[in-house]
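K.L.:
As you go down the protein sequences, you meet chains A and B in turn. Every position in the first sequence, counted from 1, becomes a number in my numbering once 1 is added. Every position in the second sequence, counted from 1, becomes a number in my numbering once 182 is added.
Hint data in this document are derived by calculation from the structure and do not stem from the laboratory. Predicted model only: the values in this text are computed from it and were never measured. We put the CB at the ideal spot given by N, CA and C, even for glycine. Check before you lean on any hint, since a few could be wrong.
[As the list claims (entries may be wrong)] If we take Cβ atoms under 7 Å as the criterion, some of the chain B residues that face chain A in the derived model are: (1) Y271; (2) I285; (3) E288; (4) L404; (5) K405; (6) W417; (7) P457; (8) T469; (9) I474.
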Amino acid sequence: MENKKLKKILDAFLVPVLAILSGLVLMAVLIAITGKPVLESYGILFSKAFGCEKIGNCAIITTLERATPIILTGLAAVVAFRSGMFCIGQEGQYLMAAVVAGYLGYAIHLPNGVHQIVILLACMAAGAAYGYIPGFLKVKLGVNELLATIILNTVATLFIEYMVQFPMRGDKSTTAHSPTIDATAQLPTFLPGAKWGVGFIIAVLAVIVIFIYLWKTKAGYEQRMAGQSKFFALYGGVSSDKAALRAMLISGALAGLAGAIEVMGVHRRIMTGFSTGLGFDGLTAAILGQTHPFGVFIVSILFAGLKLGAQLGLQLKLGIPRELGGTIIGFIILFIAARKFYENNIDRVSSWLKKPKKLKAKREEN
Amino acid sequence: MEGFFSVFTIELANSGIRLATPLILAALGGALCNKSGVLNLALESKMLMGAFVGIVAAYYLGNSYLGLLVAILAGGLLGALFAFLYHKYEVDLVILAIAFNLIILELTVYMMRIMFGNVGSWSDPSIVRIPDIEIPLIKDIPVIGGILSGYNIIVYFSWFMTIAMYIVLYKMKFGRHIRAVGENKEAAETVGINATLIQTMALTISGMLAALGGAFLSIGHLKLFTRNMSNGRGWTAIAAALFGANHPIGTFLASLFFGITEAFSVRIQNVTDLPPNLIELLPNFATLIVLISIALREKVRETNARRHFRARLKAEEQQKAA
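Isolated chain A (complex conformation) (with noise of 0.2 Å):
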């Protein structure tokens, strides 16, 4: 029994370390046709990444701030995925909320402490909102949630946009923006100059009841069985249907979440190219992560900090572009996507262990 369970753990870490391993070998490469120092960027990276030279200045803090919204779109493409809705709207629905935030920012005048309540729950109903309409078109009409979520992304960036370049615009500068919102309605944070604060937290919270939700509870098991099987949950008296709209909104709402922290908590306003595809950084979180609530919240974390530590270590100190650290992203998913390749080696190598000991035995029974 202990050995089964810790047969799975190494089932489920063992493809992704795998491909973390590789896309860093890759990434030696990359950084030797620079002809700059390989090993000492290692250091730089991973010191700008998650080191800590004094309080207040700690790169860690920044990059658990800059996680805070990929866990949340991360978690939005878990929910949907598990539900068998292979739905990629996270960024629409997370650049509506962020519309959203920004409006009621400085359009509506609350107290203190009831303001950003308000704004996130809104969000979170507009996030669900602009999640239920590709759920609604799939489950009632059978259009692929696939192309819609496509098409309704496109939407959402062309929206965010308009409203920042007319509606919402707040002065003639060159670059359009939206105006500051108020004091009342912005997340507190934690430490002066930082803007880790109270959005952590409430991704903190999200993986914890998204995992509880997912599976320990009847509906979460609804939900995925109809992931897993659609014809087996129908003749166990799930409508896999209802389960997918239901995840549709959960997703929906926790992609507009990820919006609104980071419009409250971070930019403060809305401008243009706030689309920076923070939604796409989420799906490939929840892919690397297993589709799992805890996967989702390490990746992230990584994610986050190698594409900070990329910015900060290697483009400031050695002068090798930022992009270095998307790329090697880019080259983790396709790694762990391609797990079929690792596993067909793994149990090469494996048998191959297994083998001398084999024949040990049968020496033995002669």
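Chain A is already provided as a structure; the job is to place chain B on it using the hints.
P.N.:
Coordinates of chain B only, in the frame set by chain A:
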């Protein structure tokens, strides 16, 4: 209102056709993939790679046409790699596309910065833009000549490709095989069609076309490379293929619609205060409506078939009883 109508000129058609060209090429590839049953969401990355490889090759080889050729080859290679990973290691195509969209986006900038210094966009005076060609005879027809003539070779090639793909898909046996694989892979394989080969070919060709579309951006239209130069055009191309119901002619017209709306929204800013982003929303909504109507048609067909089946069952039972 006067300003509104002043936008409709031959120049609008010209720039619409130019903006549509990369979309047409990528969307045709996407449609071919959809027809053969593989979903290609990596058009964006193939386009971006074509843009980068095309301009770099044009710079080093000193000839922009050779740059196009290298871009096409690179796109084909990437497409073939997709097919290899998909068939050999059963890699999910969607995840593969997500991975490559990220890799190419970052890697092109990384390579640009390593090769040409820390720059946000790169160009070199020695690079020659692909020259425009006037078609003799046609160019002298009033109005139509102005619309149909005066583009570079990539634009004409995109028109040729549309017709060629229509003929191959709908008028040739090989095209029937492709469509058969897309409709039902197992059934096609049982009658001896090599589905793996057909899907590999579709992915390779779509990689070539998307890369050519990307090269059009960097050496056919502008003459520079910037970060994320394709700027979502790959995703738009997917939408255009869907809007055109994966039919070559339909895809061509849909891409043209997207291109002209883009040209229109750029021009309209100068004469009226209509917001350009909202105009660009139009073709996206149209695509969504097409997606829904295709799904609805499928649903109606299914219900009809079921009703038909039930009616026949009933009739048979009655016959037996009698």
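K.L.:
For every hint, state whether the structure bears it out.
P.N.:
Structure-based check of all given hints:
1. This hint holds: Y271(B) has a C-beta 4 Å from the nearest C-beta of chain A, less than the 7 Å allowed.
2. A least Cβ separation of about 3 Å between I285(B) and chain A falls short of the 7 Å threshold, and the interface hint therefore holds.
3. Interface hint at E288(B): satisfied, since its Cβ lies 3 Å from the closest Cβ of chain A, which is below the 7 Å cut-off.
4. For L404(B), the shortest C-beta to C-beta distance to chain A is roughly 20 Å, which exceeds 7 Å, and the interface hint is violated.
5. Interface restraint check: K405(B) against chain A, minimum CB-CB distance 23 Å, threshold 7 Å, status violated.
6. Satisfaction of the interface hint for W417(B) is found here, the shortest Cβ-Cβ separation to chain A being roughly 6 Å, below the 7 Å cut-off.
7. Hint status for P457(B) relative to chain A: holds, with the closest Cβ pair at about 5 Å, below 7 Å.
8. With a cut of 7 Å, the hint placing T469(B) at the interface with chain A holds, because the nearest CB-to-CB distance is about 5 Å.
9. At about 6 Å, the closest approach between the beta carbon of I474(B) and any beta carbon in chain A falls short of 7 Å, and the interface hint on this residue holds.
This entry does not satisfy hints 4 and 5, going by the numbered hints stated previously.
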